[in-house]
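Undergrad: Those protein sequences? They're chains A and B, same order as listed. Count the first sequence with the working numbering and you get residues 1 to 498, in order. Count the second sequence with the working numbering and you get residues 1001 to 1498, in order.
No wet-lab data here; the hints were simulated from the structure. You may find that some hints are simply not true.
Derived lysine to aspartate or glutamate pairs resembling EDC-like cross-links, with alpha carbons at most 16 Å apart [unchecked claim]:
| no. | chain 1 | residue 1 | chain 2 | residue 2 |
| --- | --- | --- | --- | --- |
| 1 | B | Lys1003 | B | Asp1077 |
| 2 | A | Lys206 | B | Asp1203 |
| 3 | B | Lys1491 | B | Glu1434 |
| 4 | B | Lys1311 | B | Asp1439 |
| 5 | B | Lys1206 | A | Asp203 |
| 6 | A | Lys325 | A | Asp201 |
| 7 | B | Lys1468 | B | Asp1165 |
| 8 | B | Lys1199 | B | Asp1252 |
| 9 | B | Lys1206 | B | Asp1252 |
| 10 | B | Lys1477 | B | Glu1433 |
| 11 | A | Lys144 | A | Asp92 |
| 12 | A | Lys455 | A | Glu434 |
| 13 | B | Lys1316 | B | Glu1216 |
| 14 | B | Lys1489 | B | Glu1175 |
| 15 | B | Lys1050 | A | Glu53 |
| 16 | B | Lys1089 | B | Glu1069 |
| 17 | A | Lys50 | B | Glu1013 |
| 18 | B | Lys1177 | B | Glu1387 |
| 19 | B | Lys1162 | B | Glu1478 |
| 20 | A | Lys34 | B | Glu1223 |
| 21 | B | Lys1012 | A | Asp92 |
| 22 | A | Lys340 | A | Glu392 |
| 23 | A | Lys365 | A | Asp349 |
| 24 | A | Lys199 | A | Glu323 |
| 25 | A | Lys457 | A | Glu434 |
| 26 | B | Lys1034 | A | Glu13 |
| 27 | A | Lys457 | A | Glu469 |
| 28 | A | Lys12 | B | Asp1038 |
| 29 | B | Lys1206 | A | Glu209 |
| 30 | B | Lys1050 | A | Glu13 |
| 31 | A | Lys50 | B | Glu1053 |
| 32 | B | Lys1034 | A | Glu223 |
| 33 | A | Lys206 | B | Glu1209 |
| 34 | A | Lys34 | B | Asp1038 |
Pair by pair, the computed Cβ-Cβ distance ranges are [unchecked claim]:
| no. | chain 1 | residue 1 | chain 2 | residue 2 | range |
| --- | --- | --- | --- | --- | --- |
| 35 | B | Ile1313 | A | Lys491 | 54 to 60 Å |
| 36 | B | Gly1287 | A | Ala110 | 32 to 38 Å |
| 37 | A | Thr2 | B | Glu1231 | 38 to 44 Å |
| 38 | A | Lys251 | B | Ser1196 | 56 to 62 Å |
Only a predicted model underlies this, so the values are computations on that prediction, with no experimental measurement involved. All C-beta atoms in this analysis are idealised placements derived from N, C-alpha and C, irrespective of residue type, glycine included.
Protein chains: 2
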Amino acid sequence: MTKLEELKTLLKELKDYSTACTLLSWDLHTETPKYGIDTVVSSLTALSTKSFELSVSERAEKIIYALNEPDEYDQLDDVYKKTVRKLKKDFDESKRIPVDFYSSFVENRAKAESVWREAKITNNFALFAPYLEKNINNTIQLYKYMRPEAEPYAAMLDDYEKGMDEASIDRIFNELKTDLIPLVKAILSKPEPDASKFKGDFDINKQKELSHFLLEYIGFDFERGCIAESEHPFTSGTCRNDVRITNHYHKDDLLSAIFSIIHEGGHGLFMQGTDEIYDNTPFSDCGYMGLHESQSRIWENILGRNINFWKPIYHKLQEMFPEYKNISLEEFYIEINHIKNGFVRTESDEVTYCFHIILRYELEKELMSGRLSVNDLPAAWNAKMKEYLGIEPETDTLGVLQDTHWSGGMFGYFPSYLLGSIYDGMLLDKMNEELGDIDTILAEGRAKEITAWLKEKVHRYGGFREPKEVLMAVCGKEVTAEPLIRYFKEKYTKLYNL
Amino acid sequence: MTKLEELKTLLKELKDYSTACTLLSWDLHTETPKYGIDTVVSSLTALSTKSFELSVSERAEKIIYALNEPDEYDQLDDVYKKTVRKLKKDFDESKRIPVDFYSSFVENRAKAESVWREAKITNNFALFAPYLEKNINNTIQLYKYMRPEAEPYAAMLDDYEKGMDEASIDRIFNELKTDLIPLVKAILSKPEPDASKFKGDFDINKQKELSHFLLEYIGFDFERGCIAESEHPFTSGTCRNDVRITNHYHKDDLLSAIFSIIHEGGHGLFMQGTDEIYDNTPFSDCGYMGLHESQSRIWENILGRNINFWKPIYHKLQEMFPEYKNISLEEFYIEINHIKNGFVRTESDEVTYCFHIILRYELEKELMSGRLSVNDLPAAWNAKMKEYLGIEPETDTLGVLQDTHWSGGMFGYFPSYLLGSIYDGMLLDKMNEELGDIDTILAEGRAKEITAWLKEKVHRYGGFREPKEVLMAVCGKEVTAEPLIRYFKEKYTKLYNL
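Required output: the full structure, derived from the provided sequences and hints.
TA: Here it is, written out as structure tokens:
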């Protein structure tokens, strides 16, 4: 067997483990009965451990190092060149983490997550504070082990969205702030739309049927994927031919299921659209959170909240849900773009969402640098909410305790959500240029042409190209918030008669 | 670590593999999209192989042999005594199979299954014949390796239903034949009930709701189990706290979903009812097919086709399905006990079902002994159909090719289905004696009391007691078909005015 064949065998073995782990985890969220959870978690833990052991085994080390030698390396194609570079980097980083430290890191993180849940329910930040502090210190230490030469928070940002460093993010987010703070103020000074018509009693089976329809409408292939139900919607999958999407359904709220499924559908299309040359490599699914999020958020917001998206299919909604017979398309359009200064990120509209992220990013940086102490975090959170959205949460449950990320040690993750939207502004410009007027395409029911364009420009590369490379290749320029800001201004100036 | 602790660690590791394999297989039947199948099968194959390798590893050998030594063995409790005996037997048998032979066995079997599917669709027995012949020879050879001292077919029977040997089965099946041949003739000479009212357009979501209701009604615990949809209904599960049941739904046939879910529910109750002392041992789920089948068939037939079962809940059916408003409970009762001499085992009623099994068992014996050649099998099949049910299939698709078992090398499996019903006759007698009149219990909506009795008498032991032991302990006598025959005669004499 050649070294490359040995590598492919190893990757196949790792893939077989990851397939099982993906499906066990999927089952845990969609199907496992209450008292069966321990058994499934035990199996998942055992297989994850075996997979990790294989990835840092002597056998793996030999193969990866052999293929990094010039005589072997130079013979590889681009995909496998990048694969062995990435494997070597990951291998070296893992090897540098002391086993004891890693165990205590994982243990504290698990504990922090469960304490956070308790603290959120009981509105008790003080309970969570010591665990958060430990999580911060541990995560910094972890990165010091893995990448001794890098500044820790910079390394974290790089892990979630390669190439988007603090300086770039600061520049882009500042562009946004300058323009959006007055825009949001202007919008909020206008009369609020009446949302009362949108409450109803929406049959869950019909909501499932609609979810299926919407996924198919944007080009999701049900011979290579499926939908199930879970508390929080998510997308996973074993490979590009087996993409798993979940949705949640509330009897009194149809819009939640609609925009969740369109959002997850965007992730799903990305996964289904990746080229087969990346199968079983680290690039078969894109690991850059911002780029992935750009694909979900472009469907959820820029396309899905465009009135033209609904023109060819709004009658379907009205047929399925009698409540909608009394709601015109225009009223629907106003409600799905209803700007509100709420406390909760996951319930916010596409404009105020930006501030929810900027706030978290700014606080994270302060926490990581030690300039802000954990004890001062709630006050700092509330002050920023006041500054950006003019409101202050009455409880930490609705404030600093609302998200799970920090309890799970995910620092540097938040900015990627907003970077996704910023990429979307750039992609929208380019689509209009290359495909023709997007409003017309949507109005004519040709949504799948947009999917095809995104596949050609973004999806097919999976995680092979870094976000900056993708944007440069597609749009021919550095990442900038200008198109997103322009999109917001044009859309909401009309909608709210500013 | 003591040897027993080592064993428990080993069993836990094997359990973690089997959990994953169970869920991957469940996913393949319920959820995996068409083009994702290869990826899931690859993972399932890899994990099954790893699990098998662990079970025959040197490490396993050392633990199992050490615990079989008197000084260790005598300290074990009954559950672990039997566990190490079983593990040693399985280990020794596996070790005696030459690896090359086993690979070619598995390969031919896989090929035979796919050729059988093709042969069934195209009604071409000649295509399947050589593979069947090879399957027969290979299976005999496999058993000669595993148990050189035993007669192969006897060993196969013993594997599917321990303790029920050819002599016992012959005796019991002959009792049945003597009485049932004239009974079926008498029934079929009567006018056939009119089934036309039972066709309709039955909403699939409502059928799902009804399936859920029926499972709950007989005592299935949804905090320790769930239902999904698959082409052919089946029951599996990772442990007693996570039992997975599937059902199928046909828009034009409600009865199929009803009796399939009650059947699978019986399997599910058995699994949920097993004592926790058997967790992670080979006895945590009963591996005796006849005993398992007795628990599904008692609910499907003896209880589920009793008019009293429906008295408290028939109104529910009528509320859910408007078609049933015009069908009285009595008409429903007649239809669910409609005796027909059809060709297909899986569509047959509880009485003619016996002949479908007896026929297969008699032919299997002849094939295994070499007294019947594969080429003469279709003619022999048709002759027995004529003898027992008075009809001959026009195609092999409806005859000898209908079942998958022989293509999968499962010889000796069929008798266990009928043994299940025979046990049920005995259990029914005992229930009437110990619990009081079963008709009354059912009519009063106390079905769960029967579940509790079955749990106490059968379920709790999982696979720890052999079928003969269970029946002896519960009923105090050897297995006999007399109670089943009596049940048939009493029930159908009334129903058909014989």
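Undergrad: All hints, please: hold or fail.
TA: Checked hints:
Pair hint lysine 1003 of chain B plus aspartate 1077 of chain B holds up; C-alpha atoms about 14 Å apart against a cutoff of 16 Å. With a C-alpha separation of about 13 Å, the suggested pair lysine 206 of chain A and aspartate 1203 of chain B falls inside the 16 Å cut-off, and the hint holds. Taking the CA atoms of lysine 1491 of chain B and glutamate 1434 of chain B, the gap is near 21 Å; set against the 16 Å cutoff, the hint is violated. Taken as a hint, the lysine 1311 of chain B and aspartate 1439 of chain B pair is honoured in the structure, with Cα atoms around 10 Å apart against an allowance of 16 Å.
A hinted pair counts as satisfied when its Cα atoms are at most 16 Å apart, and lysine 1206 of chain B with aspartate 203 of chain A qualifies at roughly 13 Å. A C-alpha spacing of about 14 Å is found between lysine 325 of chain A and aspartate 201 of chain A, which places the hinted pair at or below 16 Å, so the restraint holds. For the proposed pair lysine 1468 of chain B and aspartate 1165 of chain B, the alpha carbon gap of about 11 Å is at most 16 Å, so the pair holds. Restraint check for lysine 1199 of chain B and aspartate 1252 of chain B: satisfied, since their Cα atoms lie roughly 6 Å apart, inside the 16 Å limit.
Restraint check: the Cα-Cα separation between lysine 1206 of chain B and aspartate 1252 of chain B comes to about 13 Å, which is no more than 16 Å; the hinted pair holds. Of the pairs offered as hints, the one joining lysine 1477 of chain B and glutamate 1433 of chain B holds, with about 15 Å between alpha carbons and a cut-off of 16 Å not exceeded. Of the supplied pair hints, the one linking lysine 144 of chain A and aspartate 92 of chain A holds, its CA atoms being roughly 13 Å apart against a limit of 16 Å. Of the pairs offered as hints, the one joining lysine 455 of chain A and glutamate 434 of chain A holds, with about 14 Å between alpha carbons and a cut-off of 16 Å not exceeded.
Among the hinted pairs, lysine 1316 of chain B with glutamate 1216 of chain B is consistent with the structure: their alpha-carbon atoms are about 14 Å apart, no more than 16 Å. Among the hinted pairs, lysine 1489 of chain B with glutamate 1175 of chain B is consistent with the structure: their alpha-carbon atoms are about 14 Å apart, no more than 16 Å. The straight-line distance between the Cα atoms of lysine 1050 of chain B and glutamate 53 of chain A is roughly 15 Å, inside the 16 Å bound, and the hint therefore holds. Between lysine 1089 of chain B and glutamate 1069 of chain B the alpha-carbon distance is near 14 Å, which keeps this suggested pair within the 16 Å criterion.
Distance hint between lysine 50 of chain A and glutamate 1013 of chain B is fulfilled; the C-alpha atoms sit about 11 Å from each other, no more than 16 Å. For the suggested pair lysine 1177 of chain B and glutamate 1387 of chain B, the alpha carbons sit about 11 Å apart, so the restraint of at most 16 Å is met. Taken as a hint, the lysine 1162 of chain B and glutamate 1478 of chain B pair is honoured in the structure, with Cα atoms around 14 Å apart against an allowance of 16 Å. Restraint check for lysine 34 of chain A and glutamate 1223 of chain B: satisfied, since their Cα atoms lie roughly 5 Å apart, inside the 16 Å limit.
For a cut-off of 16 Å, the pair hint linking lysine 1012 of chain B to aspartate 92 of chain A is broken: about 32 Å separates their Cα positions. A distance of roughly 14 Å separates the Cα atoms of lysine 340 of chain A and glutamate 392 of chain A; the hinted pair therefore holds under the 16 Å criterion. Under the criterion of a C-alpha separation no larger than 16 Å, the hint pairing lysine 365 of chain A with aspartate 349 of chain A is inconsistent with the structure, at around 25 Å. A hinted pair counts as satisfied when its Cα atoms are at most 16 Å apart, and lysine 199 of chain A with glutamate 323 of chain A qualifies at roughly 9 Å.
Distance hint between lysine 457 of chain A and glutamate 434 of chain A is fulfilled; the C-alpha atoms sit about 11 Å from each other, no more than 16 Å. The straight-line distance between the Cα atoms of lysine 1034 of chain B and glutamate 13 of chain A is roughly 22 Å, outside the 16 Å bound, and the hint therefore fails. Between lysine 457 of chain A and glutamate 469 of chain A the alpha-carbon distance is near 11 Å, which keeps this suggested pair within the 16 Å criterion. With a C-alpha separation of about 13 Å, the suggested pair lysine 12 of chain A and aspartate 1038 of chain B falls inside the 16 Å cut-off, and the hint holds.
For the proposed pair lysine 1206 of chain B and glutamate 209 of chain A, the alpha carbon gap of about 15 Å is at most 16 Å, so the pair holds. With a C-alpha separation of about 11 Å, the suggested pairing of lysine 1050 of chain B with glutamate 13 of chain A holds against the 16 Å cut-off. Proximity of lysine 50 of chain A to glutamate 1053 of chain B is assessed by CA-CA distance (about 15 Å); at most 16 Å being required, the pair is judged to hold. Taking the CA atoms of lysine 1034 of chain B and glutamate 223 of chain A, the gap is near 5 Å; set against the 16 Å cutoff, the hint holds.
As the CA atoms of lysine 206 of chain A and glutamate 1209 of chain B are separated by approximately 15 Å, the hinted pair is consistent with the 16 Å bound. Annotation: proposed proximity of lysine 34 of chain A to aspartate 1038 of chain B is violated, straight-line Cα distance about 30 Å (limit 16 Å). Taking the beta carbon of each, isoleucine 1313 of chain B and lysine 491 of chain A are about 56 Å apart, inside 54 to 60 Å as hinted. At about 36 Å, the beta-carbon gap between glycine 1287 of chain B and alanine 110 of chain A stays in the expected band of 32 to 38 Å.
For threonine 2 of chain A and glutamate 1231 of chain B, the Cβ-Cβ distance of about 42 Å falls inside the hinted range of 38 to 44 Å, so the restraint holds. At roughly 39 Å, the beta carbons of lysine 251 of chain A and serine 1196 of chain B sit outside the given window of 56 to 62 Å.
Consistency with the previously given hints fails for numbers 3, 21, 23, 26, 34, 38, ordered from lowest to highest.
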